[in-house]
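Chemist: Following the hints, put chain A in place on chain X, whose structure we already have.
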Amino acid sequence: MSLACREQELDALLAGELAPADAERVRAHTESCAACTHALAWLKLERGWMTQRARRGPARPALSFDALEARLAAAPVAVARHSERATPRRSDWSYRGVMALGAAAAVAFIFFGVVQVRPVNSPEELWSQEVLASGLVQVCVDPSGEAVAALEDRFSACLIASPAWPAD
Amino acid sequence: MFAARDDAPEAQDGERTLLRRARTGDPVAFRLLFERHSPAVWRFLKDTFRDESAADEATQETFVRAHGRLATLRDEDRLASWLLGIARLVFLETRRARGVHLDVAGEENEGLVEAVLPTPTPEDLLLDRETEALLAEALGHLREERRSALLLRIDHGLPYEEIAQVMGWSLPKVKNEIHRARLQLRERLAPHVGGRP
Numbered sequence: 281m282s283l284a285c286r287e288q289e290l291d292a293l294l295a296g297e298l299a300p301a302d303a304e305r306v307r308a309h310t311e312s313c314a315a316c317t318h319a320l321a322w323l324k325l326e327r328g329w330m331t332q333r334a335r336r337g338p339a340r341p342a343l344s345f346d347a348l349e350a351r352l353a354a355a356p357v358a359v360a361r362h363s364e365r366a367t368p369r370r371s372d373w374s375y376r377g378v379m380a381l382g383a384a385a386a387v388a389f390i391f392f393g394v395v396q397v398r399p400v401n402s403p404e405e406l407w408s409q410e411v412l413a414s415g416l417v418q419v420c421v422d423p424s425g426e427a428v429a430a431l432e433d434r435f436s437a438c439l440i441a442s443p444a445w446p447a448d
Numbered sequence: 644m645f646a647a648r649d650d651a652p653e654a655q656d657g658e659r660t661l662l663r664r665a666r667t668g669d670p671v672a673f674r675l676l677f678e679r680h681s682p683a684v685w686r687f688l689k690d691t692f693r694d695e696s697a698a699d700e701a702t703q704e705t706f707v708r709a710h711g712r713l714a715t716l717r718d719e720d721r722l723a724s725w726l727l728g729i730a731r732l733v734f735l736e737t738r739r740a741r742g743v744h745l746d747v748a749g750e751e752n753e754g755l756v757e758a759v760l761p762t763p764t765p766e767d768l769l770l771d772r773e774t775e776a777l778l779a780e781a782l783g784h785l786r787e788e789r790r791s792a793l794l795l796r797i798d799h800g801l802p803y804e805e806i807a808q809v810m811g812w813s814l815p816k817v818k819n820e821i822h823r824a825r826l827q828l829r830e831r832l833a834p835h836v837g838g839r840p
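In order, the protein sequence lines correspond to chains X and A. Sequential numbering from 281 applies to the first sequence in the numbering used here. Sequential numbering from 644 applies to the second sequence in the numbering used here.
Among the hints, a few may not be true.
Unchecked claim - Calculated from the model, a selection of chain X residues having no Cβ within reach of chain A, i.e. all distances over 12 angstroms:
#1 E297
#2 A299
#3 P300
#4 A301
#5 D302
#6 E304
#7 R305
#8 V306
#9 A308
#10 S312
#11 A350
#12 A383
#13 A384
As the list claims (entries may be wrong) - These stretches of chain X come out as covered by chain A in the derived footprint (C-beta under 8 angstroms, 3 or more residues):
#14 286–296
#15 323–334
#16 339–347
Simulated from the structure, these hints should not be mistaken for lab results. Ideal Cβ placement from N, Cα and C applies to all residues, glycine included.
The shape of chain A in the complex, shown without the other chains:
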């Protein structure tokens, strides 16, 4: 169901084995883990930075750090959220180092109202290039933290508890921010959904 996580028990077993091998210094195992997880990490960083070159650099940095700290990963089933957590730290450090150039502030929109929205139709499910651009634009209007939390849920499939760890938030805050992010996103997408021209 999710792009970044394969929750089937066999896949989990395979990942655990790879992780244990990688921890002993097996380069092939680390390579396989990289190939499995780097697209999701890159996508998360691209969505966070909204800059592909910055995402390139930060993805590499994320895996360099992960390689050096594999032994510190306690829960072998949480490799994906661990990597995304490192990625987020890399993002925050990069933003701090570069200052305002990478400050991706979005809308606050705290006075959000739950508007009446059209119901999506089956035709809407197809994500063509135009819709993908609209989606990217709508995501870009979200405040960075809110956007990250939403994407950790709907793109990367992390449970709310793991999102709380990655973001450093309480569980109620995670739920609240994701709910608000959804409302904001839908409000922007609504004109293009449900019987669009």
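Bound-form chain X, shown alone:
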């Protein structure tokens, strides 16, 4: 078992987190293990110091409930003031402008999200893309000379140069 694992067990022992049987096992081992005795001494030291430190907690104004109560009483007012500021007046044109921009952005977002916008290509480019796509599918399904001939008829073009067509 590594030092870290052993130490976690010892730590759990001190914290009272171990089941009785495990606690007994760890305690029995520690009595006969110098490394664990050493580790346990450090763990006890840390916890002992922390406990003493905690007992010496200074009297701070922040620990007075009266100070907190004043703050809690002020909190709803602050919220109300914030809400008041956030509510637009009819004559607040800057607010309306922001709202209009927001609405336009939302409409644009929905439009571009739903409609697939493709780059605008020349008619030749569109044609070649369509041919190649059709040809690849056709050749894949039926890689015969007839399939290629049918495609050539369909597009009135020579497809010998198609990369999907195996050379004779």
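Modeler: Chain A alone, transformed into the frame defined by chain X:
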């Protein structure tokens, strides 16, 4: 055993009752919860900020938030770790808002070696003012996150699982960071422990 947690069943029952009363708007119950937990929250924030005034402000902010969100606390037995979790969020927000002024970077010291350390003696257990200052200094050398995780364990007595929730870490990371923090801390304290002059 721990300063911030009273794990005795009677104490837990008492706390649950207080919590339920506080949730219904009972100011006396909330006051009692505040008086019970605010010293630990303040101490955690003081150790995190390393600044008492900042800890004052953040403690108050922590309880203002807790007051408004008591209804969201699911596990009534985890009030202490819930409060410390809020405190940590307040710390992170404050640090972000103020920028580098409150950035409490400590040592990385990733190449840490498990050094041979002296064994503490019973005399070492007394924490006098001088030792307390040494301890504070040694803690200050730890990276903030590592220091917080260590203190959540050895000062506030949180189980590793709850520390993982407060820190937003995995359980193995919590264990690893706490182990490393301990090694770093001991290395700094070793010259003053075990037959010190």
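Chemist: Beyond 12 angstroms from chain A, beta-carbon-wise, is A301 (chain X)?
Modeler: Correct as stated: the minimum Cβ-Cβ distance to chain A is 19 angstroms, above 12 angstroms.
Chemist: If we take the beta carbon of E297 (chain X), is the closest beta carbon in chain A still more than 12 angstroms away?
Modeler: 7 angstroms, violated
Chemist: In terms of beta carbon proximity below 8 angstroms, does the stretch 323–334 of chain X have 3 or more residues touching chain A?
Modeler: holds (count 11)
Chemist: Once the closest CB in chain A is found, is it more than 12 angstroms from R305 (chain X)?
Modeler: Given that every Cβ of chain A is farther than 12 angstroms from that of R305 (chain X), nearest at about 20 angstroms, it holds.
Chemist: Does the no-contact call for S312 (chain X) survive, Cβ to all of chain A over 12 angstroms?
Modeler: Consistent with the label, S312 (chain X) stays out of reach of chain A, its closest Cβ about 16 angstroms off (over 12 angstroms).
Chemist: In terms of Cβ atoms, is chain A entirely out of 12 angstroms range of D302 (chain X)?
Modeler: Consistent with the label, D302 (chain X) stays out of reach of chain A, its closest Cβ about 15 angstroms off (over 12 angstroms).
Chemist: Using Cβ atoms and 12 angstroms as the threshold, tell me whether V306 (chain X) really stays out of contact range of chain A.
Modeler: Fine: 16 angstroms to the nearest Cβ keeps V306 (chain X) off the interface.
Chemist: Taking 12 angstroms as the cut and beta carbons as the points, is A350 (chain X) off the interface with chain A?
Modeler: 10 angstroms, violated
Chemist: Closest CB-CB distance from A384 (chain X) to chain A, is it above 12 angstroms?
Modeler: 32 angstroms, holds
Chemist: Beyond 12 angstroms from every chain A Cβ: check whether that's true for E304 (chain X).
Modeler: About 19 angstroms separates E304 (chain X) from the closest Cβ of chain A, which puts it past 12 angstroms; holds.
Chemist: Count residues of the stretch 286–296 of chain X with a Cβ under 8 angstroms from any Cβ of chain A, then say if the count reaches three.
Modeler: Our answer is that it holds, as 6 residues pass the Cβ test (under 8 angstroms) against chain A, meeting three.
Chemist: Please verify that the nearest CB of chain A lies beyond 12 angstroms from A383 (chain X)'s CB.
Modeler: 31 angstroms, holds
In summary, the numbered hints that this structure violates are 1, 11.
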